[in-house]
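K.L.:
Using the sequences and the hints given, assemble the complete structure.
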Amino acid sequence: MNAIPRQKPIFRFAPSPNGPLHLGHALSAILNHDMANEAGGRFLLRIEDIDQARCTPEFEAGIFTDLAWLGLSWEKPVRRQSEHLPAYQDALQSLIARDLVYPAFLTRGEVKARVAAGVASGSPWPRDPDGTPLYPPDDRLRNETERKRLLDAGLKHAWRLDMEQAIAVVGRPLHWQESGDGERGDILANPAAWGDVVLSRSDAPSSYHLSVVVDDAAQGVTHVVRGLDLFHATSVHRLLQALLDLPQPLYHHHRLILGEDGKKLSKSERDTGIAEWRRQGWSPAELRRRLGL
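Sequential numbering of the sequence shown, starting at 1, is according to UniProt numbering.
None of these hints come from the bench; they were simulated from the model. Quantities reported herein were computed from a predicted structural model and do not represent experimental measurements. Note that beta-carbon positions come from the ideal geometry of N, C-alpha and C, so glycine has one too. Treat the hints with care, as some may be off.
[What the hints assert, rightly or not] Derived CB-CB ranges, DEER-like: (1) Asp229 - Ile96: 25 to 31 Å; (2) Arg278 - Glu146: 31 to 37 Å; (3) Val170 - Leu250: 42 to 48 Å; (4) Ala61 - Val119: 41 to 47 Å; (5) Pro247 - Gly154: 22 to 28 Å; (6) Leu258 - Arg80: 26 to 32 Å.
[Stated by the list, open to error] Derived DSS-like pairs: lysine-lysine, alpha-carbon spacing no greater than 27 Å straight-line: (7) Lys8 - Lys76; (8) Lys112 - Lys156; (9) Lys112 - Lys263; (10) Lys112 - Lys264.
P.N.:
This is the structure in structure tokens:
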């Protein structure tokens, strides 16, 4: 009897072309590339360019240049999120059909006012793991007649996951396997900590949370290697994977590269960019050593 061929591990690096890559991106890209090679697997590059207002062809070209200079190679063609918008809409529509999401009409100003009023009344407003105030319950509690009236009026809105309902539908604790630089082993997911997360906005057809799980499933990604800043977001991703019946990858959240101020590097700080180090005469080997690799 012929043995069933073992699937090769699949890793991916998925930057957004909305600024120059910095040292944190270099660490993530190199780790994905090297871990794929060590496992005899595949290394994919995905361009997360849903935000067309900020993403540019120039920044995308810079990504290719920086990664090639680092000595990395990837499979082609490269997947671009902007070419797969119907896939994200299909996933969203399936959740809408099951009443697991709702239209959210509050503006940022209205949310800010609601939070301020809540705090002023002496009640601390709940916040997500990133420190952002959770979305007020106003829109989730609207009746169907009122929702339809607002939608028919063409009011701008986002689609938010009804977190409580989604968790109830899954009906079981969710976990993920972690091998990164923080907690390791079997991690219990806590998606409720994020409240009713956005899955789509009027100016973006899909959120990071929704598109990343759809993309990883479509590309057969088996190992997600990314920064520790996304560790807690994995709880939301596990919930969406369960709701959409998508496969569960293994996760590895690596250490972050911090600036002199102790904060995570930002694309707006161009002096930390890979291109800048290259212009200063650094070699890829020297950059690897700087990253502790």
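K.L.:
Confirm or reject the claim that Pro247 and Gly154 have a C-beta distance inside 22 to 28 Å.
P.N.:
Violated: the Cβ-Cβ distance is about 38 Å, outside 22 to 28 Å.
K.L.:
With a cut-off of 27 Å on the C-alpha distance, tell me whether Lys112 and Lys156 pass.
P.N.:
holds, 17 Å
K.L.:
Does the Cβ distance between Asp229 and Ile96 fall inside 25 to 31 Å?
P.N.:
Holds - the Cβ-Cβ distance for Asp229 and Ile96, about 30 Å, lies within 25 to 31 Å.
K.L.:
Are the Cα positions of Lys112 and Lys263 separated by 27 Å at most?
P.N.:
Holds, at about 25 Å.
K.L.:
Are Ala61 and Val119 spaced within 41 to 47 Å by their CB atoms?
P.N.:
About 45 Å separates the Cβ atoms of Ala61 and Val119, which means 41 to 47 Å holds.
K.L.:
For the pair supplied as a hint, Lys8 and Lys76, is the alpha-carbon distance within the 27 Å limit?
P.N.:
The hint holds at about 17 Å.
K.L.:
The hint says 26 to 32 Å between Leu258 and Arg80; measuring C-beta to C-beta, is that right?
P.N.:
Holds, at about 30 Å.
K.L.:
Check whether the Cα positions of Lys112 and Lys264 lie no farther apart than 27 Å.
P.N.:
Holds, at about 25 Å.
K.L.:
Does 31 to 37 Å hold as the CB distance between Arg278 and Glu146, or does it fail?
P.N.:
violated, 56 Å
K.L.:
Does 42 to 48 Å hold as the CB distance between Val170 and Leu250, or does it fail?
P.N.:
violated, 20 Å
This entry does not satisfy hints 2, 3 and 5, going by the numbered hints stated previously.
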